[in-house]
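*Asks:* Sequence:
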Amino acid sequence: MSDYDYGSRGRTGHGVWPVLLAGALAAAVITTTVAAVVVSRSGNSSSAAQDSPSRSTDVQNSPMSLPAERGAVPDACGIVRPDLTKALVPQADKTNMRSPDTTDQHTECAWAAYGVTRSRQLSVELRALRPAKGASATAAARQTFQSEWRADSSGKGLPSTQRVKFRHVIIDLGDEAYVTYSADGLQGVGEAIVNVRIVNVMVTVRYSGGDVRDSGKGVALSKYASTRGATAAAKQAITALAAQ
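Sequential numbering of the sequence shown, starting at 5, is according to our numbering.
To be clear, the hints were calculated from the coordinates, so they are not data collected in a lab. Some hints here could point you the wrong way.
Quick list of simulated restraints, FRET-style, between CB atoms [what the hints assert, rightly or not]: (1) Ala91 x Gln147: 31 to 39 Å; (2) Lys169 x Asn100: 25 to 33 Å; (3) Ser219 x Gly138: 55 to 63 Å; (4) Thr107 x Ser219: 45 to 53 Å; (5) Lys137 x Lys98: 30 to 38 Å; (6) Ala139 x Ala76: 15 to 23 Å; (7) Asp79 x Ser164: 19 to 27 Å; (8) Lys98 x Ala143: 31 to 39 Å; (9) Gly119 x Tyr228: 18 to 26 Å; (10) Gln147 x Ala72: 31 to 39 Å.
All figures in this text were calculated on a predicted structure; none of them were measured in a lab. By construction, the Cβ of each residue, glycine as well, lies at the ideal position given by its N, Cα and C atoms.
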């Protein structure tokens, strides 16, 4: 099985992509009132701990690491191979999320496809954390990782109709990693978040989507498909970083 066979943030924008996706799905449902419509880390049971929100993720746990702290990250649009992005988001529009004030310490890229048959969106964000308040960049990244683990596990920032259904600590990716899955039953959107710390670099991958059944009911992208897809993208990103 290939590392992207997933089954036969910006952080300040938490929840933005699911909202956009929900809107797209809602529009698809309205458009297809008469017509039939179908919208739709590598993790397995041995690579993720059982759901345990109280478990500490402060673990040095992977050979895929960096030799030293980094002050810059590569372009997020080139960190995941095209064959994987095409598999996860067929016929996607790619958007480099860099703005005029973006530095090489923070890059983000998104692949999105919204259609009458399915909606999918993948985003990859890379951040090189700086030293803060007398702490090293790695210590700052550890603190950021723990804070984001608590926020993502609790569903902070999600729409009121979207709930966290699954959260696991991943024990074989980067220095620390976790995956969460949330679903919005009303809008028919499912989203997986894989967040990884590798020394002082944070890699955050989001993969979301939904289907609309013949009845017109929206169905969220499953936990299996979304978490496997997000984990595969995160694994490629970490592998590429470690090889540079």
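*Asks:* Confirm or reject each hint.
*Replies:* Here is how each hint holds up against the structure:
At about 35 Å, the CB distance of Ala91 to Gln147 agrees with the hint of 31 to 39 Å. Range check, Lys169 to Asn100: about 31 Å between beta-carbon atoms, so the 25 to 33 Å window is met. Look at Ser219 against Gly138: about 59 Å separates their beta carbons, and that is inside 55 to 63 Å. For Thr107 paired with Ser219, a C-beta distance near 48 Å keeps the hint of 45 to 53 Å intact.
In this structure, Lys137 and Lys98 meet the distance hint of 30 to 38 Å, their C-beta atoms being roughly 37 Å apart. With their beta carbons about 20 Å apart, Ala139 and Ala76 fall inside the hinted range of 15 to 23 Å. Asp79 and Ser164 have their C-beta atoms about 35 Å apart, which leaves the hinted 19 to 27 Å range violated. A hinted range of 31 to 39 Å holds for the C-beta pair Lys98 and Ala143, which are about 34 Å apart.
Look at Gly119 against Tyr228: about 22 Å separates their beta carbons, and that is inside 18 to 26 Å. Take Gln147 and Ala72: their Cβ atoms lie about 19 Å apart, and the range 31 to 39 Å is violated.
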